[in-house]
Amino acid sequence: AQSVTQPDARVTVSEGASLQLRCKYSYSGTPYLFWYVQYPRQGLQLLLKYYSGDPVVQGVNGFEAEFIKSNSSFHLRKASVHWSDSAVYFCAVIEDSNYQLIWGSGTKLIIKP
Amino acid sequence: EAAVTQSPRNKVAVTGGKVTLSCNQTNNHNNMYWYRQDTGHGLRLIHYSYGAGSTEKGDIPDGYKASRPSQENFSLILELATPSQTSVYFCASGASANTEVFFGKGTRLTVV
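For the protein sequence lines, the chains are W and R, in the order given. 896 is the number of the first residue of the first sequence in this note's numbering; add one for each residue after it. 440 is the number of the first residue of the second sequence in this note's numbering; add one for each residue after it.
Straight-line alpha carbon distances no greater than 27 Å define the calculated BS3-like cross-link-like pairs of lysine-lysine that follow:
| no. | chain 1 | residue 1 | chain 2 | residue 2 |
| --- | --- | --- | --- | --- |
| 1 | R | LYS457 | R | LYS544 |
| 2 | R | LYS544 | W | LYS1003 |
| 3 | W | LYS964 | W | LYS1003 |
| 4 | R | LYS496 | R | LYS457 |
| 5 | R | LYS544 | W | LYS944 |
| 6 | W | LYS964 | W | LYS919 |
Rather than coming from a laboratory, the hints here were simulated on the basis of the structure. Fair warning: this is a prediction, and the values are worked out from it, not measured in the lab.
Just chain R, same shape as in the assembly (with noise of 0.2 Å):
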């Protein structure tokens, strides 16, 4: 079974803070995706990667960046976190383009 661990799992920030939400997966794959979940607009893709040191534009891209160091570990970065941005994030893992993804529990974000 994949396994994908976020970090933290849940985060209470203030307006105007930087915030790093952290990703971390065994299994080797090659791309990795991050999601925002809200009532009402299902998932959306933030940032993806295809490996170590590349990332990539998702749909709703403004406001955040990725950082993808190693295979195993890519991050989320809000350099300045606004109210907005209060959501659950979720990572996930794909071997590639045209497989299943892998989930993390989630990480539940709030900025107040």
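Pulled out of the complex, with its shape left as it was, chain W reads as follows (with noise of 0.2 Å):
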């Protein structure tokens, strides 16, 4: 079976830094690949999507996210970060081959005023 893996449980980053979550899937074809995010006692929303073409995609709130085929990797990233974006983000990936949607066991991001 395939798998996504976000290897950070917890990130921990000052407000006003940048950021980076990491993703990586395994899976040797070509992905649909999404980052997700979610606010206490919410659902999870959207951030961004990667389907096709310039492999850095922009997303909401200031966040983009870059699509390293040669690495599997799908990691996101923000320049600056507010203490409003603390939540819980997830990793996904939909393989074109039985279009399976599988999701990374999520990253938990705390700010630091």
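Each chain sits in its own coordinate frame; assemble them with the hints.
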């Protein structure tokens, strides 16, 4: 079975600092890639998605992610975090072979004042 | 913005009782999904559906049934609830299998 790995269960960043949340997947084909955010006691919301084309995709609230096929990665980045970015972030992948949606385990982002 | 509404938002059930969680989406999406979310397990797929009348087993279907009577509605049924089914349940919908999904706000179920 294919998998999505978010190696960091928790990441702590100071407000105003830059951020990178890591995501790697195991799939040799062409994946559809997503990042979702979950605020406390809420459902998941889409931050950004990659289907094809420019490997750097822009999302909401200043987030971006870069698809690096050679590294099987889709890391999420933000230049300057705000306290309101505190949430759990999920990476997800859809394989183009069977269209199965596979989720990472999530990374909890904590913003220090 | 896709709208997925779950009811109830909170539920306390007794062991052995029947529980029905409801989900309604107003965006005419073909696909609908039920997940549960537990600390340490992330999101796990219980059942999903490709359209009215269809239900498919996900990764952890045991102890759950699903029903999709219409395009808009997708229910999750626990015939004999157990404490191990205490969790937060999320419904989601998507236009097709290779597009993003939209989530409801979740139902917090406690089985005592």
